[in-house]
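Visitor: Start from chain W and add chains A and P according to the hints.
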Amino acid sequence: MRVKVFVTPRQGILDPQGRAVEHALKSLGFDGVNGVHVGRYIVLDLQAASADEARAAARRMCDELLANPLIEDYRFEVESG
Amino acid sequence: MKWGVVTFPGSLDDRDTLHALREVMGQEAVALWHKDESLGGAKCVVLPGGFSYGDYLRCGAIARFSPIMRSIAQFAGDGGLVMGICNGFQILCEAHLLPGALTRNRSLSFICERVTLRVENSHTPFTRAARQGELLRLPIKHGEGLYVAPEDELRQMEERGQVLLRYVGADGALDEAANPNGSTRAIAGVANQRFNVFGLMPHPEHATEPLLGGTDGLRIFQSIIESAA
Amino acid sequence: MSRPPALPGEPAVDDALAAAHGLTRDEFARIRSVLGRMPTYTELGVFSVMWSEHCSYKSSRLHLKMMPAGGARVAQGPGENAGAIDVGDGWLAVFKIESHNHPSFVEPYQGAATGVGGILRDIFTMGARPVASMDSLKFGSFDHPRTRYLLSGVVAGIGGYGNCVGVPTVAGETTFDAAYNSNILVNAFCLGLVRRGELLSARASGVGNPVLYVGSATGRDGIHGASLLASAEFDATSESKRPTVQVGDPFTEKLLIEACLEAATSGAIVAIQDMGAAGLTSSSSEMAARGELGIELDLDRVPLREPGLTPYEILLSESQERMLIVAARGRVGELAAIFAKWDLHAVEIGRITDDRRWRVRAGGKVVADIPVAALTDDAPLYDRPATPPPKPALAPRPAIATAPDARAALRALLGSPNVASKRWIFRQYDSIVQGNTVVGPGSDAGLIRIKGTRRGLALKVDSNPRACAIDPYLGAVATVCEAAINVAAAGARPVGITNCLNYGNPERPEIMWQFVRGVEGIRDAALAFDAPVVSGNVSFYNETEGRAIPPTPTIAMVGLLDDFHQHVGQFFSHPDDLVVIVRSGPPRLAASEYAALFGLQEPALGPLDLARERALADGLVDAAQAGLIRSAHDVSDGGLAVAVAEACFNPEGPLGAELVFAPGIDTACELFGEGRSTVVISASPEGVARLTERFRRAGLEVISAGRVTRAPRLRIGSTIDEDLVELREIYERALPGRIDER
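Residue numbers (our numbering), protein chains in the order written: chain W, 1 to 81; chain A, 1 to 229; chain P, 1 to 742.
Hints may contain errors.
[Stated by the list, open to error] Distance condition first, Cα-Cα at most 20 Å in a straight line; then the derived SDA-like pairs of lysine to any residue:
hint, chain 1, residue 1, chain 2, residue 2
1, P, Lys451, A, Gly214
2, P, Lys341, A, His34
3, P, Lys341, A, Ile62
4, P, Lys58, P, Arg37
5, W, Lys26, W, Asp73
6, P, Lys451, A, Leu212
7, A, Lys35, P, Glu262
8, P, Lys422, A, Ile111
9, P, Lys451, A, Glu28
10, P, Lys451, A, Gln27
11, P, Lys341, A, Trp33
12, P, Lys451, A, Glu151
13, W, Lys26, P, Arg146
14, W, Lys26, A, Ser107
15, A, Lys35, P, Lys365
16, W, Lys26, P, Tyr149
17, P, Lys422, P, Pro654
18, P, Lys422, A, Glu113
19, W, Lys26, A, Leu108
20, P, Lys422, A, Arg114
21, P, Lys451, A, Leu211
22, P, Lys451, A, Asp175
23, W, Lys4, A, Tyr56
24, A, Lys35, P, Phe251
25, P, Lys451, A, Gly54
26, A, Lys35, A, Tyr56
27, W, Lys26, P, Arg738
28, P, Lys341, A, Leu212
29, P, Lys65, P, Trp513
30, P, Lys341, A, Gly54
31, P, Lys422, P, Pro78
32, P, Lys451, A, His19
33, P, Lys341, A, Arg137
34, P, Lys451, A, Arg22
35, P, Lys365, P, Gly9
36, A, Lys2, A, Val30
37, W, Lys26, P, Pro145
38, A, Lys43, A, Gln74
These are calculated hints, taken from the structure and not from any lab test.
Same shape as in the complex, but just chain W (with noise of 0.2 Å):
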């Protein structure tokens, strides 16, 4: 099964990545532009019975080590087969 999970800097969290990125986006003259934030991308392919089951070991992994929930979120989807 393979996990997608997306991390993302926490709301509220200095984004200085983000921000270096919107500037040159507007800087290249894309208008329109209201907000980057920058983040990780991981891909995991786990052995697991059942969607649920990956599931929950992502989170658990999420949980543990691929974020820190002082400043950062996530969000994971799920992919069988």
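Guide: Same frame as chain W, but now just chains A and P:
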């Protein structure tokens, strides 16, 4: 007194810390391997600077799960002295032995330069050899030194005197321009509530010899030596 | 020896395929003659990288032989992965400089990062712990659209790799010049220390000894990096070369350093070489060649990052952070355990044979079988035609119309990217890790101490393409002199050189002529300073669509201080100290930053007196040892006025200077000219008296110029009267101001 300096895969200033302790200060210091469980009888354990595990995922995120960290958590719980320098500070935060987290420098660049720190609380085992308000010149070299913590936690930390070092201008005053990484409230070093665990981004081990960066770093080591006596 | 059968899916080997691999018709014929048959596809790939310019040095090795490489201090000259100089107290300094020009233009971060990784491996493969780095960078003009992108990427890459691996960057140089708009230069230097008697070698020995592969797994990185990128010019299709750039992992390199140095102490390493350009192929064939032996490899045993790599790909891969070890028989397990401790692969993949053949098996079958010598010592050796270009009809063009007055010129120079402070660059580098840095970036030379001794090593990297463009011989001589005087100004005696020779296409006679003249210049100057050239690198084909870079021989100089406490800094330190200018001859505006800024054209450099240059270096070292010099700063880009201003920019707080010039002297030339080695010295009045006597006796010109003042004002003659704090602002803000600070 006996010191322990931990080496994780990717630690860099472990050797420099050992050199400063042994060669410069004549202290007894043992090198601790991240897979060890014993702390070798050390009275103070130092987590050194560097790029443990390449800083992959997040600085210190992987190192904090090393076997030795279990022993260190226990040691700290029993009141033992622990100091985390730079990457060591990041590991202590990830391991929840210190509050807060270190994030990317506001400029997004790695910065190596000498800065001025003000001692905000000289009544701790790590700062007692310094005067309250004393200015120390220490080098920093990091890409992730911007300290953050929830606002109410920060307020409580300040009230309790848990902020031990702050970035200031050469004249000792707070100055946006003197904050090299944008750290919240210009925080450079903090202690836990019990004041037995200390984390700082500047490198005292690189300021112990006169021709090599000055000797202000000795203040911190001397404080710990006095505390353990 | 019959031809190994073709593998499924491989293209037929013919003239067209050989040409596509960068081999000439003659070279292809020679391969067939050496083998006595048609090569396999795999063998063709192997020859194409080993016979590429980058690996074989076919256009340069004939001429490199003339470089002086001997001397009492030389512990290892050219022939191994780096050179070594005995620096006393039982220590050898192992050093080399290497280029990574083409990959850095294609992918600046990874190109620069892997350049650093590669040079580090050349050092620790000799058993030396890398302790200091330097970089010489050349970008296009600052306003060129690509420059900022390349600058940011290269600097980030050097910092990203060097900082993580824990080797301090203690000095360097960065130049911006339109001549490099389409061909940037990234030359990376590294120096390491090893105890005398513990130097490792890359010469295989012991028939039957096992061959061990250690480090990262092999992937498809950089296939054809050597032949494609480094041995050919850029053209319009260069962007599509992106996938061939290697990606580095500094964390793994750090583990590799620790593991290799630990393994070195076991005594179980017979020979070791890093897998750099042409990876497994070059390391295995070169080690066998040096030992005049053969080697057999089994590719099935090579750790792979992804399945399905063909023998061709495995052999040509330039995946980073890998080493090849010839181990003592029976001690593989011991070595493997050391590498396992550091979580690195360590696999036996072959053995040393006695048949002087390079033989590779995959899937149980031989896929390549080549005489070792054919890949190495008997690779093509060319004596390419070298003829000077027709003399350019350049009359000296004075810049009277455009040249501003001295005050405006000084400000313009201090604010020009080539002269201005490079702090924006070097503060991104860890310059203090390992605790040995006495003088970091931002001075004439970097200085590190050797722990456990009182000794210090001064390091400087220099180049002078403008001078070389006017005269490739004199420019090269001037470059060596500048590097030597820079370390001497710090109080260190020049003891060894490593050079990176960057030129255009050697198949063009005028480029080949530039190269040969450059090597002759380095030879003559190296002899004059008794500083042997113990290692180096050649980078050809630095040109785009027929336009070559100016000849750019980059010189890295190592100087030795018996006692690092006696080192001399470049900043004025005591008000009322006297200032003297010592030089080997008068300055000229030719090839100067002033000439470049204000459109002056001078066709000739004028002679350099090597005896005087040497006397200047010796005088500086002796005077430093006698404690006579308070500060010494070498004059370079921007000339004397700039050097004096820089000497005033003491980081502890700026001081001032008041200099008096004799009337009637050509002001612009005296103030802003470059060329002959000139040093601005400050000393106490007693010190100055003794200095003046010593230097004059040595045949050098000594000008008593003035004094250091407490008030931060710069006064030179009647033409310059400036607030130094203001000048320092211009100097410090020039680069960050142009790079849009966030």
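Visitor: Work down the list of hints and note, for each, if the structure agrees.
Guide: Comparing the hints with the structure gives:
Taken as a hint, the Lys451/P and Gly214/A pair is honoured in the structure, with Cα atoms around 17 Å apart against an allowance of 20 Å. With a CA separation close to 11 Å, the supplied pair Lys341/P and His34/A stays within the 20 Å bound. At most 20 Å may separate the alpha-carbon atoms for a hinted pair to count; Lys341/P and Ile62/A meet this at roughly 17 Å. Restraint check for Lys58/P and Arg37/P: the C-alpha separation of about 23 Å exceeds 20 Å, so the hint is violated.
Distance restraint check for Lys26/W and Asp73/W: the Cα-Cα separation of roughly 26 Å exceeds the 20 Å cut-off, and the hinted pair is therefore not satisfied. For the hint linking Lys451/P to Leu212/A, the alpha-carbon distance of about 12 Å falls within 20 Å, and the restraint holds. With a C-alpha separation of about 18 Å, the suggested pair Lys35/A and Glu262/P falls inside the 20 Å cut-off, and the hint holds. A hinted pair counts as satisfied when its Cα atoms are at most 20 Å apart, and Lys422/P with Ile111/A qualifies at roughly 14 Å.
Taken as a hint, the Lys451/P and Glu28/A pair is honoured in the structure, with Cα atoms around 19 Å apart against an allowance of 20 Å. About 17 Å separates the Cα atoms of Lys451/P and Gln27/A, which keeps this hinted pair within 20 Å; it holds. Among the hinted pairs, Lys341/P with Trp33/A is consistent with the structure: their alpha-carbon atoms are about 11 Å apart, no more than 20 Å. For the given pair, Lys451/P sits about 46 Å from Glu151/A by alpha-carbon distance, which is inconsistent with the 20 Å threshold.
Between Lys26/W and Arg146/P the alpha-carbon distance is near 19 Å, which keeps this suggested pair within the 20 Å criterion. A C-alpha spacing of about 18 Å is found between Lys26/W and Ser107/A, which places the hinted pair at or below 20 Å, so the restraint holds. With a C-alpha separation of about 43 Å, the suggested pair Lys35/A and Lys365/P falls outside the 20 Å cut-off, and the hint is violated. A distance of roughly 17 Å separates the Cα atoms of Lys26/W and Tyr149/P; the hinted pair therefore holds under the 20 Å criterion.
Restraint check for Lys422/P and Pro654/P: satisfied, since their Cα atoms lie roughly 18 Å apart, inside the 20 Å limit. With a C-alpha separation of about 13 Å, the suggested pair Lys422/P and Glu113/A falls inside the 20 Å cut-off, and the hint holds. In summary, the hint linking Lys26/W to Leu108/A is supported, as the alpha carbons are separated by about 18 Å, within the 20 Å threshold. For the suggested pair Lys422/P and Arg114/A, the alpha carbons sit about 16 Å apart, so the restraint of at most 20 Å is met.
A distance of roughly 13 Å separates the Cα atoms of Lys451/P and Leu211/A; the hinted pair therefore holds under the 20 Å criterion. At most 20 Å may separate the alpha-carbon atoms for a hinted pair to count; Lys451/P and Asp175/A exceed this at roughly 37 Å. For the hint pairing Lys4/W with Tyr56/A, the CA-to-CA distance comes to about 18 Å; that is within 20 Å, so the pair holds. Between Lys35/A and Phe251/P the CA atoms are separated by roughly 18 Å; this keeps the pair inside 20 Å, and the hint holds.
At most 20 Å may separate the alpha-carbon atoms for a hinted pair to count; Lys451/P and Gly54/A exceed this at roughly 27 Å. A distance of roughly 19 Å separates the Cα atoms of Lys35/A and Tyr56/A; the hinted pair therefore holds under the 20 Å criterion. This hinted pair checks out: Lys26/W and Arg738/P have alpha carbons roughly 19 Å apart, not beyond 20 Å. Our distance criterion of 20 Å between C-alpha atoms is broken by Lys341/P and Leu212/A, whose separation comes to about 33 Å.
Of the supplied pair hints, the one linking Lys65/P and Trp513/P holds, its CA atoms being roughly 16 Å apart against a limit of 20 Å. Proximity of Lys341/P to Gly54/A is assessed by CA-CA distance (about 17 Å); at most 20 Å being required, the pair is judged to hold. The straight-line distance between the Cα atoms of Lys422/P and Pro78/P is roughly 33 Å, outside the 20 Å bound, and the hint therefore fails. This hinted pair checks out: Lys451/P and His19/A have alpha carbons roughly 10 Å apart, not beyond 20 Å.
At most 20 Å may separate the alpha-carbon atoms for a hinted pair to count; Lys341/P and Arg137/A exceed this at roughly 38 Å. Between the alpha carbons of Lys451/P and Arg22/A the distance comes to roughly 13 Å, so the proposed pair stays at or under 20 Å and holds. About 16 Å separates the Cα atoms of Lys365/P and Gly9/P, which keeps this hinted pair within 20 Å; it holds. At most 20 Å may separate the alpha-carbon atoms for a hinted pair to count; Lys2/A and Val30/A meet this at roughly 8 Å.
Proposed proximity of Lys26/W and Pro145/P is supported: the alpha carbons are some 17 Å apart, at most 20 Å. At most 20 Å may separate the alpha-carbon atoms for a hinted pair to count; Lys43/A and Gln74/A meet this at roughly 13 Å.
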